[in-house]
Amino acid sequence: MPRTNLSMSISTDGYVAGPNQSEEHPLGVGGQLLHSWHLGPASDHPVNKQIVGEMMDGMGATIMGRNMFGPIRGDWNGSEWNGWWGAEPPYHCPVFVLTHYPRESVALEGTTFHFVTDGVESAYAQAVEVAGDRPISIAGGASCARQAIRAGIVDEIDLQVSPVILGSGERLFDGFEPNFPALTLERVLEAPGVAHLRYRIER
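Using my numbering, read the sequence shown as starting at 1114 and increasing by one per residue.
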């Protein structure tokens, strides 16, 4: 089976998005601060470039939640929303979007979004089918990540920890039992304003 990686930027107090996500604040209020390591001047640091490359390059498929795809809620109702990323999204592989509401696939430059209504296990099976021997990325948000961890399909978790306190929002590890998942710290890399942690999930 291909390796499955979950990679998320996270605050020091454990939030991967701030409160009140909307079209104006897609990462929640304050959530943009979690991504300064790759969206601001720090993006030129060689360690940050390495991490972005590991997150994006050579992926065979990506799985994400509907909240990450966009702010539209409920039935799509003919919405023409095609994601936050414009005509050429950065994924360059098939992306499977978890949703309760069916929608036809959206083909953009280098990336096609497929909408999966029967759960993360189904999205993963479809991702495995197209990925071949290339890795699979779990892109978030928090709910999608939790579902993937609980389903046992995640092999490693990369966390980009920023020295930011959000106070509220979406926590990555809400609702898990103590010591689940069982994690082994495999790698620590540092760049200005961020610590990159890699954990392996023990089976």
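Just so you know, these hints were derived from the structure itself, not from any lab. Just so it is clear, CB atoms sit at the ideal spot from N, CA and C, and this is done for glycine as well. You may find that some hints are simply not true.
Claimed, not checked - Pair ranges (Cβ atoms, derived):
id, residue 1, residue 2, range
1, Leu1302, His1205, 20 to 30 Å
2, Leu1302, Pro1139, 36 to 46 Å
3, Gly1191, Arg1247, 12 to 22 Å
4, Ser1281, Glu1217, 33 to 43 Å
5, Gln1163, Glu1222, 35 to 45 Å
6, Pro1159, Ser1235, 12 to 22 Å
7, Arg1247, Asp1157, 39 to 49 Å
8, Asp1287, Glu1137, 37 to 47 Å
Outcome of the hint check:
| no. | hint | result |
| --- | --- | --- |
| 1 | Leu1302 <-> His1205: 20 to 30 Å | 24 Å, holds |
| 2 | Leu1302 <-> Pro1139: 36 to 46 Å | 27 Å, violated |
| 3 | Gly1191 <-> Arg1247: 12 to 22 Å | 34 Å, violated |
| 4 | Ser1281 <-> Glu1217: 33 to 43 Å | 36 Å, holds |
| 5 | Gln1163 <-> Glu1222: 35 to 45 Å | 25 Å, violated |
| 6 | Pro1159 <-> Ser1235: 12 to 22 Å | 39 Å, violated |
| 7 | Arg1247 <-> Asp1157: 39 to 49 Å | 27 Å, violated |
| 8 | Asp1287 <-> Glu1137: 37 to 47 Å | 25 Å, violated |
The structure is inconsistent with the numbered hints 2, 3, 5, 6, 7 and 8, although it conforms to all the rest.
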